[in-house]
Amino acid sequence: MDNLPDAPDREWHTVGVARRFIPLTEVSEILDVSAAQAYALVRSGDLPAIKVGGRGQWRVETSELEAYIERMYAETREFVTTRAERDDDQHPPA
Numbered sequence: 019m020d021n022l023p024d025a026p027d028r029e030w031h032t033v034g035v036a037r038r039f040i041p042l043t044e045v046s047e048i049l050d051v052s053a054a055q056a057y058a059l060v061r062s063g064d065l066p067a068i069k070v071g072g073r074g075q076w077r078v079e080t081s082e083l084e085a086y087i088e089r090m091y092a093e094t095r096e097f098v099t100t101r102a103e104r105d106d107d108q109h110p111p112a
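For the sequence shown, our numbering assigns the number 19 to the initial residue and increments by one for each residue that follows.
Please keep in mind that the hints were generated in silico from the structure rather than gathered at the bench. Be a bit skeptical, because a hint or two may be false.
[To be verified] Restraint-style ranges between C-beta atoms, simulated for each label pair: (1) 105 with 69: 37 to 45 Å; (2) 47 with 108: 35 to 43 Å; (3) 58 with 38: 21 to 29 Å; (4) 63 with 94: 17 to 25 Å.
Here a beta-carbon is modelled for each residue, glycine too, at the ideal position from N, C-alpha and C.
Given the sequences, and given the hints that come with them, work out the whole structure.
Okay, here's the thing in structure tokens:
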């Protein structure tokens, strides 16, 4: 029995072994952004990645993607908190 997917949309996996790296196409699907946006995250250094293979395919370590998502949650919380405080300062209770 091979572990190749029988359809292009099926996830690659090896029985009993978690995948360590994923391609940018999957990153863009997980984050629900365009492929260009995923590439920009990598090129800017916001999302650490490596280039592998002869054609230099980008791969993102799943732990780095999870860390990126956690950072974005933290930044969003900070943004919301700061914005709420600023709104409170601009509109004091009557």
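message = For a quick check of understanding: which of the numbered hints are violated here, in increasing order?
response = Failing hints: none at all.
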